[in-house]
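Spelled out, the chains give:
2 protein chains.
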Amino acid sequence: MNIVLLSGGSGKRLWPLSNDMRSKQFIKIFKTKDGSYESMVQRVYRQICSVDADAAVTIATSKSQVSAIHNQLGENVGISVEPCRRDTFPAIALAAAYLHDVRGVAEDEAVVVCPVDPYVEEDYFQALQELGRRAAESEAHLVLMGIEPTYPSAKYGYIIPEGKDQISRVAMFKEKPAEETAREYIDQGALWNGGVFAFRLGYVLQRAHELIEFTDYQDLFDRYDSLKKISFDYAVVEHEQQIEVMRFAGMWKDMGTWNTLTEAMESSSIGKAILNEHCMNVHVVNELNVPVLCMGLKDMVVAASPEGILVSDKAQSSYIKPYVDEIDQQIMFAEKSWGSFRVIDIEEGSMTIKVTLNPGHAMNYHSHALRDEVWTVVDGKGRTIVDGEERQVNAGDVIQMPAGVPHTIVADTKLQVVEVQIGSEISVHDKVKIELPVSR
Amino acid sequence: MNIVLLSGGSGKRLWPLSNDMRSKQFIKIFKTKDGSYESMVQRVYRQICSVDADAAVTIATSKSQVSAIHNQLGENVGISVEPCRRDTFPAIALAAAYLHDVRGVAEDEAVVVCPVDPYVEEDYFQALQELGRRAAESEAHLVLMGIEPTYPSAKYGYIIPEGKDQISRVAMFKEKPAEETAREYIDQGALWNGGVFAFRLGYVLQRAHELIEFTDYQDLFDRYDSLKKISFDYAVVEHEQQIEVMRFAGMWKDMGTWNTLTEAMESSSIGKAILNEHCMNVHVVNELNVPVLCMGLKDMVVAASPEGILVSDKAQSSYIKPYVDEIDQQIMFAEKSWGSFRVIDIEEGSMTIKVTLNPGHAMNYHSHALRDEVWTVVDGKGRTIVDGEERQVNAGDVIQMPAGVPHTIVADTKLQVVEVQIGSEISVHDKVKIELPVSR
Chain A
4 MNIVLLSGGS GKRLWPLSND MRSKQFIKIF KTKDGSYESM VQRVYRQICS VDADAAVTIA
64 TSKSQVSAIH NQLGENVGIS VEPCRRDTFP AIALAAAYLH DVRGVAEDEA VVVCPVDPYV
124 EEDYFQALQE LGRRAAESEA HLVLMGIEPT YPSAKYGYII PEGKDQISRV AMFKEKPAEE
184 TAREYIDQGA LWNGGVFAFR LGYVLQRAHE LIEFTDYQDL FDRYDSLKKI SFDYAVVEHE
244 QQIEVMRFAG MWKDMGTWNT LTEAMESSSI GKAILNEHCM NVHVVNELNV PVLCMGLKDM
304 VVAASPEGIL VSDKAQSSYI KPYVDEIDQQ IMFAEKSWGS FRVIDIEEGS MTIKVTLNPG
364 HAMNYHSHAL RDEVWTVVDG KGRTIVDGEE RQVNAGDVIQ MPAGVPHTIV ADTKLQVVEV
424 QIGSEISVHD KVKIELPVSR
Chain B
4 MNIVLLSGGS GKRLWPLSND MRSKQFIKIF KTKDGSYESM VQRVYRQICS VDADAAVTIA
64 TSKSQVSAIH NQLGENVGIS VEPCRRDTFP AIALAAAYLH DVRGVAEDEA VVVCPVDPYV
124 EEDYFQALQE LGRRAAESEA HLVLMGIEPT YPSAKYGYII PEGKDQISRV AMFKEKPAEE
184 TAREYIDQGA LWNGGVFAFR LGYVLQRAHE LIEFTDYQDL FDRYDSLKKI SFDYAVVEHE
244 QQIEVMRFAG MWKDMGTWNT LTEAMESSSI GKAILNEHCM NVHVVNELNV PVLCMGLKDM
304 VVAASPEGIL VSDKAQSSYI KPYVDEIDQQ IMFAEKSWGS FRVIDIEEGS MTIKVTLNPG
364 HAMNYHSHAL RDEVWTVVDG KGRTIVDGEE RQVNAGDVIQ MPAGVPHTIV ADTKLQVVEV
424 QIGSEISVHD KVKIELPVSR
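If you're matching them up, the sequences are chains A and B in order. Residues in the first sequence are numbered consecutively from 4, following my numbering. Residues in the second sequence are numbered consecutively from 4, following my numbering.
Pulled out of the complex, with its shape left as it was, chain A reads as follows:
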């Protein structure tokens, strides 16, 4: 199965666990069999591989997520990087060109497109395989998944099929309705539109060439920022007569808000948390290393991370976005392709961060114009290169890098470093990447 996972959004609705650097799909919130936690993207990827070990997975996403994806899924996953955000039609066109020109997928092969963040079980991915098989052989140009509604939701668009068979032609699409209208749709046999569909690759490439002037993947990538924002629904689906829908009656939850996310949690808390016996329907997600004590709470979510603390009535938590938009907070945690960092102290004229490098990884060789840096290795083994000089380092070693001096660190084992930055203007933009000396 060729599957494209659409990984979007800055995910402010799940603040403080999500932020501009970490979208909700990267929060490790789902307990695995071995007792550790995995993120939505890890869960979905694991489920796909379990259903189809040969699945070719491509993640369509923005540049800012590439590090986190490699960090969580490894280096082998395919990524179609959108140079900037241009809505779903350009994103799917770019992913299609990537599959054809970079991955060598043939035009008559089926491709399944699906958002990265539904909370589902393996039967869902079995249904996606079916969807792909149907798309490969059907006369229809698009085969959509229609999810059997469990309640008259006003949050989803609806698909009205012509019949009641497992697969039937689509009679009509309906925009997100009011609850009452949703009830009427459901009485007519309507299904939720979860944004999941399959097609033969050549079909979408043809639509893309009709609507965008480009030669191949690289050309499309290069002109991406000049494309107009348009959704796949608006650009393709609405103009297409040959559309089928395939029913899916399994578990499907949209993890968009704290309210729905906590429904998928196996226990009432993740991380250090104490809930007294007067707490009812309370969920705690605590990423800090100090305890959260909850007493006498009802219908609430408490979430704590290096970015901040949310304490919210569950129903209210859906309305979080405007409040988070107003928070002007230094990024306190980020996943990078080489590991992660966390800000542990901020002062006028200094910032201290804890850097974790994964084994075999290294930072870029770089320098800063306006700040000195000091590394103290606290755990692991590695090598530093400062001004071209390589040196072995272990726990307890101290490395000083005055402003202007290029430096990097290479992790031979998992490596943890406390980095103190000192300077009057400390900014992520004060960074010059430098080629390593050729002898290396």
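None of these hints come from the bench; they were simulated from the model. No residue lacks a Cβ here, since even glycine has one placed at the ideal position from N, Cα and C. Just so you know, not all the hints are guaranteed correct.
Sample of chain A residues with no beta-carbon within 10 Å of chain B, all distances over it, derived [unchecked claim]: (1) Ala139; (2) Glu140; (3) Ser271; (4) Glu338; (5) Met366; (6) Ile388.
Short, incomplete list of chain B residues facing chain A, as computed with Cβ under 7 Å [said to hold, decoys possible]: (7) Val293; (8) Leu296; (9) Gly299; (10) Leu313; (11) Glu350.
Calculated cross-link-like contacts (lysine to aspartate or glutamate; reagent style EDC-like; alpha-carbon spacing at most 16 Å) [to be verified]: (12) B:Lys275 / A:Glu329; (13) B:Lys275 / A:Asp331; (14) B:Lys301 / A:Asp302; (15) A:Lys31 / A:Glu290; (16) A:Lys301 / B:Asp302; (17) B:Lys66 / B:Glu338; (18) B:Lys417 / A:Glu351; (19) B:Lys384 / A:Glu351; (20) A:Lys417 / B:Glu350; (21) A:Lys167 / A:Asp190; (22) A:Lys324 / B:Glu280; (23) B:Lys256 / B:Asp126; (24) A:Lys417 / B:Glu351; (25) A:Lys177 / A:Glu187; (26) A:Lys275 / B:Glu329.
With chain A's structure known, arrange chain B on it following the hints.
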């Protein structure tokens, strides 16, 4: 006025702002005229000095609070240090011996004893002056303050006076009653016993010598740990016939729990906090440098510090102690005589702290057997002495101290240092104090 402030307790009821190292009276929670915040002990000390600029203030407390008291009140305040906790009678006897033998207070001078943590206005301290004046001239051996009850509280003991005059003899003491009984007491004219009283110094010294065999202050101090635990009420008050009570009708609040403490807060939040419009009767105290966002909360207190996060229904917050007793948490913040420190990272084999030294102060000269340390100065100017070698240091300087090497740092201005500790066994007990070389 000679005034002894009893400063007790580990203050777990106000966790996470109070801990074993910081009792509730040191939490900076009260807004001052200049917009900064002061603690209960700072507020009370300021109020006393404002009412009586010549007041001789002595704080009776345990060793563990001495650093915090000097840090918050300066070096000039008198402290009677209890070598260990032995309840109020030994503590008051020790303070009395301290006043007589160390501070030279005469036996016929009056002394006022008062807990350090009531939330009061200046009229209270004017009443304390009156109480002292009365004790100096009265035939009674003890003059108690009786607080006019504002409701039938089950939390306080009651004093039943013989008459309704401003000053009258005490007819009876009553233990903390049930609410109904409290109502009956109040109908009989009973007053709250706030643990405030005055006496001539010679009277308490005489009682002390009757009950404890000791010669002078130093002798009493030396044998303090062999004394039996007994309250002043039980040892003295219950056996004394000559007791008067003086009425006080001004504002008096006991700040023992989050519920009562938040009543004294001028605004709904201290620190970075956002409360949406659906929050009602919510108080937030946030000592972290990231925001707390509260949505749709009612009758709640949220408190966040480096030690942890409390989210509690206000009424439930009174029952916090057993939960906090079970938290086995590394001390994350402490005030010391020379400044303060905060733990900013903990790993297996390392701990990173942020140290702030006040101008003119220094750590003890010391070494550690089982850990190396690295200081990176992030702000200010000072001097380090490492293995006898003195060196000027500024922001950006790095000082390495292998295990066994004695070291200290002296702050010439306010000095901030990131200290990385590296070793397999990191413990506060791994510390050897060393005499500085005589040449210094």
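Structure-based check of all given hints:
no.	hint	result
1	Ala139	holds, 48 Å
2	Glu140	holds, 50 Å
3	Ser271	holds, 13 Å
4	Glu338	holds, 18 Å
5	Met366	holds, 19 Å
6	Ile388	holds, 19 Å
7	Val293	holds, 4 Å
8	Leu296	holds, 5 Å
9	Gly299	holds, 3 Å
10	Leu313	holds, 5 Å
11	Glu350	holds, 6 Å
12	B:Lys275 / A:Glu329	holds, 13 Å
13	B:Lys275 / A:Asp331	holds, 11 Å
14	B:Lys301 / A:Asp302	holds, 12 Å
15	A:Lys31 / A:Glu290	holds, 10 Å
16	A:Lys301 / B:Asp302	holds, 12 Å
17	B:Lys66 / B:Glu338	holds, 13 Å
18	B:Lys417 / A:Glu351	holds, 13 Å
19	B:Lys384 / A:Glu351	holds, 15 Å
20	A:Lys417 / B:Glu350	holds, 13 Å
21	A:Lys167 / A:Asp190	holds, 12 Å
22	A:Lys324 / B:Glu280	holds, 14 Å
23	B:Lys256 / B:Asp126	holds, 13 Å
24	A:Lys417 / B:Glu351	holds, 13 Å
25	A:Lys177 / A:Glu187	holds, 12 Å
26	A:Lys275 / B:Glu329	holds, 13 Å
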